[in-house]
Amino acid sequence: MSYQLDTRESEYDIVVVGGGTAGPMAAIKAKERNPELRVLLLDKAHVKRSGAISMGMDGLNNAVVPGYATPEQYTKEITIANDGIVDQSTVYAYAKHSFTTIEQLDRWGVKFEKDANGDYAMRKVHHMGTYVLPMPEGHDVKKVLYRQLKRARVEITNRIIATRLLTAADGSVNGVMGFDSRTADFHVIRAKAVILACGAAGRLGLPASGYLMGTYENPTNAGDGYVMAYHAGAELANLECYQINPLIKDYNGPACAYVAGPMGGYTANSRGERFIECDYWSGQMMLEFYQELQGGNGPVFLKLNHLAEETIQTIETILHSNERPSRGQFHANRGTDYRHQMVEMHISEIGFCSGHSASGVHVNARAETTVPGLYAAGDMAAVPHNYMLGAFTYGWFAGHSAAERASSLDFSPVDAEQVARERARIYAPLLRDHGLPPLQVEYKLRRFVNDYLQPPKVTRKYELALDRFAEIGEDLEHLHASDAHELMRCAEASVIRDCAEMAARASLFRTESRWGLYHLRADYPERNDAEWFCHAHLKKDESGRMSHHKRPVEPYIVPIAEQEKDAYDRLRVAPKASAEKAVATV
Amino acid sequence: MAFQPRSIAQFSEAAVTVDLDKCIAHKGCTVCIDVCPMDILEIDPQTGKAFMKRDECWYCLPCQKDCPTGAIHVAIPYLLR
Numbered sequence: 001m002s003y004q005l006d007t008r009e010s011e012y013d014i015v016v017v018g019g020g021t022a023g024p025m026a027a028i029k030a031k032e033r034n035p036e037l038r039v040l041l042l043d044k045a046h047v048k049r050s051g052a053i054s055m056g057m058d059g060l061n062n063a064v065v066p067g068y069a070t071p072e073q074y075t076k077e078i079t080i081a082n083d084g085i086v087d088q089s090t091v092y093a094y095a096k097h098s099f100t101t102i103e104q105l106d107r108w109g110v111k112f113e114k115d116a117n118g119d120y121a122m123r124k125v126h127h128m129g130t131y132v133l134p135m136p137e138g139h140d141v142k143k144v145l146y147r148q149l150k151r152a153r154v155e156i157t158n159r160i161i162a163t164r165l166l167t168a169a170d171g172s173v174n175g176v177m178g179f180d181s182r183t184a185d186f187h188v189i190r191a192k193a194v195i196l197a198c199g200a201a202g203r204l205g206l207p208a209s210g211y212l213m214g215t216y217e218n219p220t221n222a223g224d225g226y227v228m229a230y231h232a233g234a235e236l237a238n239l240e241c242y243q244i245n246p247l248i249k250d251y252n253g254p255a256c257a258y259v260a261g262p263m264g265g266y267t268a269n270s271r272g273e274r275f276i277e278c279d280y281w282s283g284q285m286m287l288e289f290y291q292e293l294q295g296g297n298g299p300v301f302l303k304l305n306h307l308a309e310e311t312i313q314t315i316e317t318i319l320h321s322n323e324r325p326s327r328g329q330f331h332a333n334r335g336t337d338y339r340h341q342m343v344e345m346h347i348s349e350i351g352f353c354s355g356h357s358a359s360g361v362h363v364n365a366r367a368e369t370t371v372p373g374l375y376a377a378g379d380m381a382a383v384p385h386n387y388m389l390g391a392f393t394y395g396w397f398a399g400h401s402a403a404e405r406a407s408s409l410d411f412s413p414v415d416a417e418q419v420a421r422e423r424a425r426i427y428a429p430l431l432r433d434h435g436l437p438p439l440q441v442e443y444k445l446r447r448f449v450n451d452y453l454q455p456p457k458v459t460r461k462y463e464l465a466l467d468r469f470a471e472i473g474e475d476l477e478h479l480h481a482s483d484a485h486e487l488m489r490c491a492e493a494s495v496i497r498d499c500a501e502m503a504a505r506a507s508l509f510r511t512e513s514r515w516g517l518y519h520l521r522a523d524y525p526e527r528n529d530a531e532w533f534c535h536a537h538l539k540k541d542e543s544g545r546m547s548h549h550k551r552p553v554e555p556y557i558v559p560i561a562e563q564e565k566d567a568y569d570r571l572r573v574a575p576k577a578s579a580e581k582a583v584a585t586v
Numbered sequence: 001m002a003f004q005p006r007s008i009a010q011f012s013e014a015a016v017t018v019d020l021d022k023c024i025a026h027k028g029c030t031v032c033i034d035v036c037p038m039d040i041l042e043i044d045p046q047t048g049k050a051f052m053k054r055d056e057c058w059y060c061l062p063c064q065k066d067c068p069t070g071a072i073h074v075a076i077p078y079l080l081r
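From first to last, the protein sequence lines stand for chains A and B. Quick note on numbering: my numbering labels position 173 of the first sequence as 173, and the sequence is numbered without any gaps. Quick note on numbering: my numbering labels position 28 of the second sequence as 28, and the sequence is numbered without any gaps.
Source of the hints: derived by calculation from the structure; they are not laboratory data. Any given hint could turn out to be false.
Here are the computed lysine to aspartate or glutamate pairs in the EDC-like style, where the Cα-Cα straight-line distance is at most 20 Å [said to hold, decoys possible]:
id: 1; chain 1: A; residue 1: K444; chain 2: B; residue 2: D55
id: 2; chain 1: A; residue 1: K48; chain 2: B; residue 2: D66
id: 3; chain 1: B; residue 1: K65; chain 2: A; residue 2: D483
id: 4; chain 1: B; residue 1: K53; chain 2: B; residue 2: D66
id: 5; chain 1: A; residue 1: K124; chain 2: A; residue 2: E564
id: 6; chain 1: A; residue 1: K48; chain 2: B; residue 2: E42
id: 7; chain 1: A; residue 1: K461; chain 2: A; residue 2: D451
id: 8; chain 1: A; residue 1: K48; chain 2: B; residue 2: D34
id: 9; chain 1: A; residue 1: K124; chain 2: A; residue 2: D569
id: 10; chain 1: B; residue 1: K53; chain 2: A; residue 2: D483
id: 11; chain 1: A; residue 1: K124; chain 2: A; residue 2: E72
id: 12; chain 1: A; residue 1: K150; chain 2: B; residue 2: D34
id: 13; chain 1: A; residue 1: K143; chain 2: B; residue 2: D34
id: 14; chain 1: B; residue 1: K53; chain 2: A; residue 2: E486
id: 15; chain 1: A; residue 1: K143; chain 2: B; residue 2: D66
id: 16; chain 1: B; residue 1: K65; chain 2: A; residue 2: E137
id: 17; chain 1: A; residue 1: K114; chain 2: A; residue 2: D140
id: 18; chain 1: A; residue 1: K111; chain 2: A; residue 2: D140
id: 19; chain 1: B; residue 1: K65; chain 2: A; residue 2: E316
With the C-beta cut set under 7 Å, the calculated list includes, among others, these residues of chain A facing chain B [unchecked claim]:
id: 20; residue: S50
id: 21; residue: S54
id: 22; residue: T220
id: 23; residue: N333
Just so we're clear, the structure is a prediction, and the values are computed from it rather than from any experiment. Note that the Cβ used here is the ideal one computed from N, Cα and C, for glycine as well.
Model the full structure from these sequences, guided by the hints.
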């Protein structure tokens with residue numbers, strides 16, 4: 001296939017990279033703040049159906065609704081669930097704005113479950129408070145967002161994969177580079193502010209099925225945002241706090257205890273017994289899950305077969321029409337009927353995602369990264385356990401912050417050398433007439449991630465991983481792409497390699513165990529608050545290497561009482577109680 | 001003669017299949033191709049109809065749900081079926 005390989009230059013006040021959840025909200029709110037600004041929303045897929053919520057969402061996991069929860073309560077819950085390592089100002093800013101975001105989405109036409117009085121039908125899933133709001137008809141979220149993007153006159157360009165940010169002489173971000181995954185044209189977009197909303201690093205580990213794209217996250221979310229932020233000099237926070245989720249085995253989608261839990265479903269061991277008090281996803285919950293698997297009581301299952309027929313029908317309707325609707329077909333293929341069989345679960349491959357854990361690009365409560373002109377929101381921005389509603393809320397903050405910057409600033413000159421260097425880097429695989437196929441390199445890289453990085457983390461294995469990742473780095477110099485689509489997969493292989501190295505180095509830096517299974521170090525099995533009650537940041541130093549430093553946890557806004565601090569460490573159902581329960585059911 | 005590099009094409013069953021009687025891609029419809037996050041669908045120049053070109057399906061279903069004529073079926077990819 002022959003391509004022109006044109007370089008296309010353009011100029012926008014604000015560029016938002018990623019049109020999934022946070023990105024559209026950021027673009028809309030930037031236009032609302034200053035309608036004069038020219039705002040571009042870039043997507044590597046198509047904004048109509050891109051990102052983690054391409055098929056909608058079945059509920060809000062962290063709704064702070066007056067009468068059910070307070071921002072203070074929520075901030076406390078997330079602080080404890082994340083073992084104390086949070087910048088509470090960011091969580092609190094989310095919590096205070098949470099209900100405003102819900103009302104905005106409601107006015108736009110997103111459907112939430114309401115009771116007979118028209119009030120939000122809140123449910124309890126978390127250990128302490130009530131934050132879950134079901135969305136049984138949540139399949140239209142993307143349609144609602146698309147309509148608002150058009151109304152706000154946001155410009156949209158699809159099928160462009162952003163690969164590097166441009167930086168000005170003063171270190172601030174002044175543009176985005178990338179290429180068209182169909183025409184292979186190279187794009188240089190000048191901007192006064194850039195918002196990254198590129199989702200999780202969801203293609204880091206290899207699913208146990210061996211199928212490259214059988215990931216929990218939408219596989220378009222390869223970690224592009226993490227790597228662009230890193231190379232632009234931004235600090236990344238607590239990357240060692242991996243995302244690991246309890247999923248339907250092989251299918252690798254959520255088993256959805258948040259949907260089934262309030263209706264009586266729960267996570268059970270092979271005897272059908274509950275072994276954790278609370279199904280809310282936390283590192284501690286995942287550790288109990290792991291121990292149940294390792295301890296001979298596995299496999300672990302989602303248990304629904306004790307529920308009434310009409311309850312099961314309700315659960316089926318929600319789960320088979322939202323978020324990952326093909327799971328109905330998956331169960332049918334294997335003869336799994338919620339009425340009769342428990343659903344086999346397992347532990348997912350690793351990834352980065354602050355939406356579910358805490359690994360992300362550092363941001364403050366205005367969605368600002370440590371680099372001027374660069375903002376981040378959604379799964380890739382380090383606001384712990386932020387989920388979809390947090391992505392919308394931080395998208396909103398990022399839109400406003402970026403609009404304020406772009407309204408008071410001129411464009412700065414683009415560095416031609418950065419453009420030439422990136423163009424050469426990106427096109428190299430297309431210009432070779434033979435070489436390594438990108439998906440095979442990706443497969444090997446992600447198999448190494450599983451072999452060496454999957455917790456429990458062992459120091460020697462992590463050191464070997466760094467050697468293997470360096471060798472993959474050499475392999476990247478021999479990639480061959482036969483068309484623009486494969487060129488996209490080549491660019492992603494480089495992204496995944498950088499994320500893998502960041503995961504390994506960040507984990508080696510923190511010489512303690514924390515966050516349950518997420519950062520369980522075999523050689524440092526204890527939590528060490530004396531030395532490690534802090535954030536661990538990673539950034540690119542002057543010599544181009546990954547460097548680390550500790551950052552003190554910011555003073556708490558909401559104090560945590562001593563007896564509350566370890567509430568999430570007591571998730572296991574007490575052995576005595578479960579023995580009694582077993583006797584009672586016999 | 002020096003050693004010559006060669007590549008081997010892999011063979012996969014397409015998880016996404018298209019009902020050629022129902023597909024209206026030859027009339028200019030590109031809905032399934034547009035909405036696929038992984039960009040794995042294309043138009044077959046021989047038939048003018050959509051087909052799955054790349055083995056990178058996330059079985060997410062926008063193509064099947066958004067197709068105006070119900071011409072798309074997404075199966076769970078064999079490796080995890």
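K124 (chain A) paired with E72 (chain A) [C-alpha distance capped at 20 Å]: Distance ~17 Å between K124 (chain A) and E72 (chain A) Cα, so the pair holds.
Hinted contact S54 (chain A) with chain B - closest CB pair below 7 Å: holds (6 Å)
Agreement of hint T220 (chain A) with chain B interface, Cβ distance less than 7 Å: OK, holds: T220 (chain A) within 7 Å of chain B, min 5 Å.
Hinted pair K48 (chain A) and D34 (chain B), Cα distance within 20 Å: Satisfied, since the Cα-Cα distance of roughly 9 Å is no more than 20 Å.
Agreement of K53 (chain B) and D483 (chain A) with the hint, judged by alpha carbon distance not exceeding 20 Å: holds (13 Å)
Proposed proximity, D34 (chain B) with K150 (chain A) (alpha carbon, max 20 Å): holds (17 Å)
Satisfaction of hint between D140 (chain A) and K111 (chain A), Cα-Cα up to 20 Å: The hint holds at about 8 Å.
Proposed proximity, D66 (chain B) with K53 (chain B) (alpha carbon, max 20 Å): holds (19 Å)
Restraint check for K124 (chain A) with E564 (chain A), where alpha carbons must lie at most 20 Å apart: Given that 20 Å is the threshold and the Cα spacing comes to 19 Å, the pair holds.
K53 (chain B) paired with E486 (chain A) [C-alpha distance capped at 20 Å]: Since the Cα atoms of K53 (chain B) and E486 (chain A) sit roughly 12 Å apart, the hinted pair holds (cutoff 20 Å).
Pairwise hint evaluation, E316 (chain A) against K65 (chain B), where the allowed Cα distance is 20 Å at most: The hint holds at about 18 Å.
20 Å Cα cutoff - pair K444 (chain A), D55 (chain B): holds (17 Å)
In terms of the numbered hints stated before, the structure departs from hint 3 and from no other.
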